[in-house]
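Those sequence lines, one after another, are chains A and B.
Residue 1 is where the first sequence starts when you use my numbering, and the numbers rise one by one after that.
Residue 1 is where the second sequence starts when you use my numbering, and the numbers rise one by one after that.
Honestly, the hints are just simulated from the structure, not real lab data.
Remember, it's a predicted structure, so these values are computed and weren't measured experimentally.
Just so you know, not all the hints are guaranteed correct.
To be verified - Output of the computed footprint for chain B on chain A, the stretches with three or more beta carbons under 8 Å from beta carbons of chain B:
#1 26-32
#2 47-59
#3 108-115
#4 131-144
Unchecked claim - No more than 25 Å apart at the CA atoms, straight line, and that leaves these computed lysine-lysine pairs for DSS-like:
#5 B/Lys157 with A/Lys93
#6 B/Lys157 with A/Lys131
#7 A/Lys102 with A/Lys131
Even for Gly, the Cβ is constructed at its ideal location relative to N, Cα and C.
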Amino acid sequence: MKMNRRQTEPEKVDLTAMIDMTFQLIAFFMILINFSEVERSEDIELPLSELAKPPREAAEHEMVLNLLPDGGVIYSSNQLARGDLLKPYFERKIRDAKREGKEPADIRIVIRAHEDTPTGKVQELMAECEKASLSNFALRVKERVLGTQ
Amino acid sequence: MFTKSLKGTTQAPELEMTPMIDIVFQLLAFFVMTFRITALEGDFSIQMPIQTQAQSELEDLDRPVVVTLRSGANRRLAGIKVDDQAEFVGPDMFQRLAGEIQQRAERQRDPASDSKLIVEFVIDYDLRYSETISAVTAVTGRKLPSGETQQLVDSIKFRDQGARLD
Numbered sequence: 001m002k003m004n005r006r007q008t009e010p011e012k013v014d015l016t017a018m019i020d021m022t023f024q025l026i027a028f029f030m031i032l033i034n035f036s037e038v039e040r041s042e043d044i045e046l047p048l049s050e051l052a053k054p055p056r057e058a059a060e061h062e063m064v065l066n067l068l069p070d071g072g073v074i075y076s077s078n079q080l081a082r083g084d085l086l087k088p089y090f091e092r093k094i095r096d097a098k099r100e101g102k103e104p105a106d107i108r109i110v111i112r113a114h115e116d117t118p119t120g121k122v123q124e125l126m127a128e129c130e131k132a133s134l135s136n137f138a139l140r141v142k143e144r145v146l147g148t149q
Numbered sequence: 001m002f003t004k005s006l007k008g009t010t011q012a013p014e015l016e017m018t019p020m021i022d023i024v025f026q027l028l029a030f031f032v033m034t035f036r037i038t039a040l041e042g043d044f045s046i047q048m049p050i051q052t053q054a055q056s057e058l059e060d061l062d063r064p065v066v067v068t069l070r071s072g073a074n075r076r077l078a079g080i081k082v083d084d085q086a087e088f089v090g091p092d093m094f095q096r097l098a099g100e101i102q103q104r105a106e107r108q109r110d111p112a113s114d115s116k117l118i119v120e121f122v123i124d125y126d127l128r129y130s131e132t133i134s135a136v137t138a139v140t141g142r143k144l145p146s147g148e149t150q151q152l153v154d155s156i157k158f159r160d161q162g163a164r165l166d
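Just chain A, with the same shape it has in the complex:
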């Protein structure tokens, strides 16, 4: 029996549109992915401020300290019961900065404190930093979208 050649050929699907769309989605997610999440702690609910503005340029040397309401500190996934346990981390950071000709004052200490934390605990943490000659602080807050409480 003679077979019709047209009937045996698989039908071709045009994949161009799907591949275009998929690459656009990948580009979208790649642009928005934020690797700095590692330094953010899930347990911290930041206070809100309408003047919150992301820094224009990232500091060369920065330490992000997450402060819990009980005074515990999370630094780089390490949970420490008190701020004074940060001393070895400060020393290491200062050594790294000095190797690049920077002073301790050039190291920016970013404090991400929970909104319920007593302010005295924030100041105690700042005092610990000052003991290590670190005096450049940034208090991190979350942007308050106008019309929200």
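Mind docking chain B on chain A? Use the hints.
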């Protein structure tokens, strides 16, 4: 590049798309699963000099404006004092604080003077941090209708240790 078929006609070579589509979908799945919408975060700069100059040694114009934040029930803000003068209380205390700082900033906006407006906070130990940030926001500046921020102060400091205020 073209190949010749048995019939002698030229045909475009077929590209094997399956591995590419596989990897593209894996990448897409990775990005979709790791994607998280987070609110924008910003910073307030606080300078804490290691050795502060004694208040008495400072010129009058360089003396910081001392803002005292007193904690009340539920560790909420009970009152704000500016330079030990009248205390602001009530729901509009942040607006009144902002108004007071704005007045001082305008007084100091003399082009002949190179003095800087510095605000030093004295904060009750137990005061909720969110209340402190609201006060810091009030003195830092205000948002103009254009969306720009008008900066009121040159520098914000915290007095070293949180004290328990009565």
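Now the hints, each set against the structure:
A count of 4 residues in the segment 26-32 of chain A with a Cβ less than 8 Å from any Cβ of chain B is obtained; the coverage claim is therefore met, three being the minimum. Note: the segment 47-59 of chain A has 9 residues with beta-carbon separation from chain B under 8 Å; the three-residue rule is met and the coverage holds. Evaluation of the coverage hint for the segment 108-115 of chain A: fulfilled, as 4 residues show C-beta separations to chain B shorter than 8 Å, against a requirement of three. Against chain B, the segment 131-144 of chain A contributes 10 residues with a C-beta closer than 8 Å to a partner C-beta. That satisfies the three-residue criterion, and the hint holds.
Restraint check for B/Lys157 and A/Lys93: the C-alpha separation of about 24 Å stays at or below 25 Å, so the hint holds. At roughly 17 Å between alpha-carbon atoms, B/Lys157 and A/Lys131 fall within 25 Å of each other, so this suggested pair holds. Proximity of A/Lys102 to A/Lys131 is assessed by CA-CA distance (about 18 Å); at most 25 Å being required, the pair is judged to hold.
Every hint from the earlier list agrees with this structure, and none is contradicted.
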